[in-house]
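J.: The chain contents come next:
Protein chains: 2
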Amino acid sequence: MEHGAAPAALPYYVAFSQLLGLTVVAMTGAWLGLYRGGIAWESSLQFNVHPLCMVIGLIFLQGDALLVYRVFRKEAKRTTKILHGLLHVVAFIIALVGLVAVFDFHKKKGYADLYSLHSWCGILVFVLYFVQWLMGLSFFLFPGASFSMRSRYRPQHIFFGAAIFLLSVGTALLGLKEALLFKLGTKYSTFEPEGVLANVLGLLLVSFGVAVLYILAQADWKRPSQAEEQALSMDFKTLTEGDSPSPQ
Amino acid sequence: MEHGAAPAALPYYVAFSQLLGLTVVAMTGAWLGLYRGGIAWESSLQFNVHPLCMVIGLIFLQGDALLVYRVFRKEAKRTTKILHGLLHVVAFIIALVGLVAVFDFHKKKGYADLYSLHSWCGILVFVLYFVQWLMGLSFFLFPGASFSMRSRYRPQHIFFGAAIFLLSVGTALLGLKEALLFKLGTKYSTFEPEGVLANVLGLLLVSFGVAVLYILAQADWKRPSQAEEQALSMDFKTLTEGDSPSPQ
Numbered sequence: 087m088e089h090g091a092a093p094a095a096l097p098y099y100v101a102f103s104q105l106l107g108l109t110v111v112a113m114t115g116a117w118l119g120l121y122r123g124g125i126a127w128e129s130s131l132q133f134n135v136h137p138l139c140m141v142i143g144l145i146f147l148q149g150d151a152l153l154v155y156r157v158f159r160k161e162a163k164r165t166t167k168i169l170h171g172l173l174h175v176v177a178f179i180i181a182l183v184g185l186v187a188v189f190d191f192h193k194k195k196g197y198a199d200l201y202s203l204h205s206w207c208g209i210l211v212f213v214l215y216f217v218q219w220l221m222g223l224s225f226f227l228f229p230g231a232s233f234s235m236r237s238r239y240r241p242q243h244i245f246f247g248a249a250i251f252l253l254s255v256g257t258a259l260l261g262l263k264e265a266l267l268f269k270l271g272t273k274y275s276t277f278e279p280e281g282v283l284a285n286v287l288g289l290l291l292v293s294f295g296v297a298v299l300y301i302l303a304q305a306d307w308k309r310p311s312q313a314e315e316q317a318l319s320m321d322f323k324t325l326t327e328g329d330s331p332s333p334q
Numbered sequence: 087m088e089h090g091a092a093p094a095a096l097p098y099y100v101a102f103s104q105l106l107g108l109t110v111v112a113m114t115g116a117w118l119g120l121y122r123g124g125i126a127w128e129s130s131l132q133f134n135v136h137p138l139c140m141v142i143g144l145i146f147l148q149g150d151a152l153l154v155y156r157v158f159r160k161e162a163k164r165t166t167k168i169l170h171g172l173l174h175v176v177a178f179i180i181a182l183v184g185l186v187a188v189f190d191f192h193k194k195k196g197y198a199d200l201y202s203l204h205s206w207c208g209i210l211v212f213v214l215y216f217v218q219w220l221m222g223l224s225f226f227l228f229p230g231a232s233f234s235m236r237s238r239y240r241p242q243h244i245f246f247g248a249a250i251f252l253l254s255v256g257t258a259l260l261g262l263k264e265a266l267l268f269k270l271g272t273k274y275s276t277f278e279p280e281g282v283l284a285n286v287l288g289l290l291l292v293s294f295g296v297a298v299l300y301i302l303a304q305a306d307w308k309r310p311s312q313a314e315e316q317a318l319s320m321d322f323k324t325l326t327e328g329d330s331p332s333p334q
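In order, the protein sequence lines correspond to chains A and B.
According to this note's numbering, the stretch in the first sequence is residues 87 to 334, in order.
According to this note's numbering, the stretch in the second sequence is residues 87 to 334, in order.
Just so you know, not all the hints are guaranteed correct.
Each pair may be met inside one copy or between any two copies, as identical chains are not told apart.
With a straight-line cut-off of 27 Å between C-alpha atoms, the simulated DSSO-like cross-links for lysine-lysine are [as the list claims (entries may be wrong)]:
| id | residue 1 | residue 2 |
| --- | --- | --- |
| 1 | Lys163 | Lys273 |
| 2 | Lys269 | Lys193 |
| 3 | Lys308 | Lys163 |
| 4 | Lys269 | Lys167 |
| 5 | Lys195 | Lys269 |
| 6 | Lys308 | Lys160 |
| 7 | Lys273 | Lys195 |
| 8 | Lys160 | Lys269 |
| 9 | Lys273 | Lys167 |
If you are wondering where the hints come from, they were derived from the structure by calculation, not from laboratory data.
Given these sequences and hints, build the entire structure.
T.: So this is what it looks like as structure tokens:
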């Protein structure tokens, strides 16, 4: 394979993942528009800001941030890193709006906060996402960390990045289920159109998660290391072979 | 590292994962015993067979089957393969009992089947698990497949094995949430003891999933290839470097 050239199948898989991701966002919008009265910051519709922001931020954009190193293969490593970090910032800000929306909605309605498994998983995702971002910034963007420190931390960053993304997908499924059961109750079992649409949305969320992970897991789709950094740092592939990295 | 010797930290991580897995099983039993009247095949208690069997089969045993190649590092590869396959058979049979229990319970009560996201994900897990097992059997245990076929299929088998396990964890969370909301309804928001216990169980399910995946993801914890098979087949490590395997 030409150094830096994308593997032949990769663009198709990436395109498919984007199609899935955009379908998930569109279907969340359709669900909220068709069955939940749409979106607004004031009134009861404020709740609906929550699922939409979470799906855009913590599902679609977080997933795409993970794919940055597979898509941008020839650009300077530093540019790709900054794009990766920025996408996560945008994802985090959108998710924060979604978080404020639901807490504000609960407050106005006098509902209790943080009692459900969905909310516990959601807060866990938020805390881990923030810590992971700070760790990534300190190790990979600030010049302070040595190359051997970066090399040792890199596999951990990748594993926990994938784990936080998957936990986000799981948390979305729990939230979707909660929203369905609170509103439909036993009508859920009569195959109400809203229930069927939401189930399909749930399966699409799972599919987006699997598609992103599949692209990340293919060893020969990893970003090739380039001359500029080969001279400076260790390649991830070398790392995963278990050799201990030596600073150069 | 001595060839075949376990990396120093691995046993502690495996022990921790087992502690988590057993706690999940015990806590599921405690939840059903304390708040759901216990377990029986006849009567309404038949439903309770479902979560217990699923947690034992599709969470604990499925997870442990994935760890077999990390735990048994010096045994013959064929023995390890057979243990891996057998653990999955036992997991599948226990899960099948859990599946029959819920369908039989629904039938006796006149409840609808397969309307919820939990049930859709559950059936998906069952079908994928069965297909994955059959594929594994055909490629790795029957002598028919060539070494190059095995080498090409191995990374796919590993990826989809991990994906099916994670989907099982996600499906369990959805089922737990469903069982809570059906019974507690709005009382869930008053921090009922059952709700809190089930939330903790949910977080422990997530932790078990993360622990198993973490052990699988460590590159230098992979089972070393042994002389017997090095002469015959390709090592996974070589594969993941993206070299095309050549039949020998």
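J.: So, for every hint listed, does it hold in this structure?
T.: Going down the list of hints, with the structure as the test:
1. Lys163 to Lys273: neither (53 Å within a copy, 52 Å between copies)
2. Lys269 to Lys193: both (20 Å within a copy, 25 Å between copies)
3. Lys308 to Lys163: within (13 Å within a copy, 29 Å between copies)
4. Lys269 to Lys167: neither (43 Å within a copy, 48 Å between copies)
5. Lys195 to Lys269: This pair counts as both: shortest intra-copy Cα distance 16 Å, inter-copy 23 Å.
6. Lys308 to Lys160: For lysine 308 and lysine 160, the Cα distance is within 27 Å only inside one copy (12 Å; across copies 31 Å).
7. Lys273 to Lys195: Close inside one copy (24 Å) and across copies (16 Å); limit 27 Å.
8. Lys160 to Lys269: neither (49 Å within a copy, 55 Å between copies)
9. Lys273 to Lys167: For lysine 273 and lysine 167, neither the intra-copy (48 Å) nor the inter-copy (46 Å) Cα distance is at most 27 Å.
In this structure, the hints that do not hold are numbers 1, 4, 8, 9, in rising order.
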